[in-house]
Amino acid sequence: MILSILKRLVLFLLCILACLPVFLLWTGSITGRQELAFYLKGMFEGQGQSFFPLFPAFPTLRGYLEVLLDTPEFYVVFWNSVKLTFCIAAGQLLCSVPAAWGFSRWHGKLSSLLFYLYTILMLLPFQVTMVSAYMVIDRLGIMDSHSAVILPAVFSTFPVFLIYQYFIGIPEEIFEAFSLDSSSHLRMFLHMGLPLAMPGVKAALLLGVLEYWNLLEQPLIFLKTPSLWPFSLYIPNISQNSIQYTFVFSFLVLLPMILIIFQEREELEKGIGTMVPKHPERS
Amino acid sequence: MKWKPLNRIFFRNRQFHAISVFLVGMAVMTVISRAADSFMIPQVQITSPETMKLQYPLEIQGRVVPENQYAVYCPENLRIGQVQVQKNDIVAKGDLLFSADPKDLQDNIRKTEQEMEKLKLQIADLKSSQNSQTRQHELDLNRAQEDYDDTAAESEAAVTAAYLELEQAQNELALHESQKPEETLNSQKSAPKADTLNSQENSSDSQENSPAESSPDSQENSPAEDSPDSQENNPAETESPLEAWNRKREELEDICREKQKCCEEAVAARNKSLKAAARQIEDASLPLTEDHTADLLQADLENQNRTLQELKELSQAEGSVYAQYDGQILECSISTGSITSPEPAIILGDFSQSFRFEGTLNEAVSEEDMSYQNSSSESSLNDTGIPLLEENMEGILRMQDGGIPEKSVKITGVSQEEGGACRITADLDGQEISRSGEAVLDLTGESRIWPCCVPLSALHSRESGDFVIKVTESPTILGLCSTAEYVPVTVLEKNSEYAAVEGLSPTDQIIVTASKAIKEGDRIRIIED
Chain A
1 MILSILKRLV LFLLCILACL PVFLLWTGSI TGRQELAFYL KGMFEGQGQS FFPLFPAFPT
61 LRGYLEVLLD TPEFYVVFWN SVKLTFCIAA GQLLCSVPAA WGFSRWHGKL SSLLFYLYTI
121 LMLLPFQVTM VSAYMVIDRL GIMDSHSAVI LPAVFSTFPV FLIYQYFIGI PEEIFEAFSL
181 DSSSHLRMFL HMGLPLAMPG VKAALLLGVL EYWNLLEQPL IFLKTPSLWP FSLYIPNISQ
241 NSIQYTFVFS FLVLLPMILI IFQEREELEK GIGTMVPKHP ERS
Chain B
1 MKWKPLNRIF FRNRQFHAIS VFLVGMAVMT VISRAADSFM IPQVQITSPE TMKLQYPLEI
61 QGRVVPENQY AVYCPENLRI GQVQVQKNDI VAKGDLLFSA DPKDLQDNIR KTEQEMEKLK
121 LQIADLKSSQ NSQTRQHELD LNRAQEDYDD TAAESEAAVT AAYLELEQAQ NELALHESQK
181 PEETLNSQKS APKADTLNSQ ENSSDSQENS PAESSPDSQE NSPAEDSPDS QENNPAETES
241 PLEAWNRKRE ELEDICREKQ KCCEEAVAAR NKSLKAAARQ IEDASLPLTE DHTADLLQAD
301 LENQNRTLQE LKELSQAEGS VYAQYDGQIL ECSISTGSIT SPEPAIILGD FSQSFRFEGT
361 LNEAVSEEDM SYQNSSSESS LNDTGIPLLE ENMEGILRMQ DGGIPEKSVK ITGVSQEEGG
421 ACRITADLDG QEISRSGEAV LDLTGESRIW PCCVPLSALH SRESGDFVIK VTESPTILGL
481 CSTAEYVPVT VLEKNSEYAA VEGLSPTDQI IVTASKAIKE GDRIRIIED
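In order, the protein sequences belong to chains A and B.
Its first residue numbered 1, the first sequence is counted upward by one per residue in our numbering.
Its first residue numbered 1, the second sequence is counted upward by one per residue in our numbering.
Hints in this document: simulated from the structure, not taken from any laboratory.
Take the hints with a grain of salt, since some may be wrong.
[Said to hold, decoys possible] Straight line, CA to CA, 20 Å or less: simulated EDC-like cross-link-like pairs of lysine to aspartate or glutamate:
#, chain 1, residue 1, chain 2, residue 2
1, B, K127, B, D300
2, B, K519, A, D70
3, B, K93, B, E390
4, B, K275, B, E113
5, B, K516, A, E211
6, B, K53, B, E390
7, B, K410, B, E390
8, B, K103, B, D89
9, A, K224, B, D326
Chain A on its own, in the form it takes in the complex:
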């Protein structure tokens, strides 16, 4: 009993520790500008000590008011991020689900080779493929446009890998039974494969949204025009005088992800849980 209480207490403390950055973000967003400048004096001036209170002495919503009403730039970068995330997620949905279906339904040497290549590509970080991606994007003439960020991300290998794990987990008998009614592969994909692999698709979609909402490196390299930037590039441009904006801004762009995670937590857990390999031949 005591052990159980201790475990719970430790876990609770760990939870608090994990949530502390978000809490401090919120605290900073309702702290006045002068107060923040005083607290973070050491960080900006290079001398003295910076500290952060758990709650401000004079909480204010002025920062929210100014960001939401007086800062149209916030909405530009917000909607740029929404646009990039939505387009990438939709593109991945259109590309990765049929690709994963194909890999799961057709077995052969070429298919296996391609899948291995996919796996290797998935393991390569962006820094490795950056130069080649830059050259391809430049040759395509889509540099300094949202397409330069969206197109490479649409053909990401990770969602294919994730959804593939779901497709191969579906018993073969189900597809054989369906083939007695219809010989169409498209119908089988739409009416059997897709509904049965929907948790994996949703998990891939959620993970993709979480990844691309915070996209930083690709916009930094491919987007030069400020009006195309997502919020991840705009936040570092906020100066010392507008440090309060940084907190408000960060908290506001965190909100949609908090909403998604809270509401899709079960699906996410389920999808991540299926990432255990289930195809002995390929693994």
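Fit chain B to the known structure of chain A by using the hints.
Just chain B, lined up with the frame of chain A:
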């Protein structure tokens, strides 16, 4: 394809609603934020620099005066009994202008006559004095000449006498030379030969030595030789004829030398006395100092005579002065009881001739604007801020009393006065002006053509100098936006509306007015006129 089941699969209603509500909320806030931003952003009006001439509207205060003006004078130091006119009065020919006090006039006539008498007496005295001085001068000169002649005669006689004595002594010496005795004995020959040789040597020595040295020796030796005691004591050395001849010859030579010396002294004395007498003549023949006092007094006398004539003429007119022309009193420097001066008593404008405008322009541009003129060598303003006015410039003439409608006139004369002021004249030939009065001439001075002129409302100043705010297109988070950029400029010239500047391109767009203060880099919203 059935999308409804797919929707149900992908998004449960509750989840979709939360996300969609958030996004819709953000969309609404986006619109509100943009609307608020459009109110907050400075709204500006812009323009481009123009190529133009800067214009300086000038208002020159002056007067319309008759072309011909006449001065009415009055004799000096006369008390004015009555003045019938004052400045700006219109008078007709024959009108009484002023009159002198009759008693003072008579007193002046008497005083003038007395002055004339005094002058005449002074002139007579001066002339008498000059005559006596001239006579004395002539007398002195004659006396000096006579003295010179006497001195010349006396000195010449002394010189002639000295020369005669010298000639006589020389004649005696020559005679003595011709009477030289002959030698008789051999012994006597040898001794005299030796003596002769000695004497020749002595004579040669004496000729070589100066006479002063030789004569004392001969004098020392001769008494011993000539004395009777020596002859008695030494009979063997008794004087021979040759020796006596030689001694005599030496005596005569001494006499000749003395006479020669007397001649030279007589000549020197003559020259000295003649030189002194000649100087006396030179001193006496120096001209007398010219004295023009009499001429000056004569001139004064003539002036007094003219003054007397004027006073008498004025007296005949009972001291009254009348106008000679129809016109206007432009200046009147006299008043009742005042004393007249050499200046004109009245200046009368002649209405029968044409009129002209006369005005003076002192300053046209403020000192603040003048500070820009120093930096430009091509400024259209002079050192005192007056635009460069030229002849034949046209302007509008307005009479200040409004009696005559506005007229277009041309400048006929521009002259610079002391202090930098500019005097303007404009002939009004052919204009329907029949009287003088205060008037204003409206002119528009123009500068050279400046390639880059901006409105003054677009020109700003700060510590580092003047600047304008240029509109530039800058990439921002909101896209390509118009932003403000401070551009430093050099003001070359400016008037009350525009400034000619350096540092801008004619294609630039600059902010003329703004709804609020603009900082460098601020986004702006351009509104149409």
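Are any of the numbered hints broken by this structure? If so, which, sorted upward? 3, 4, 5, 8, 9
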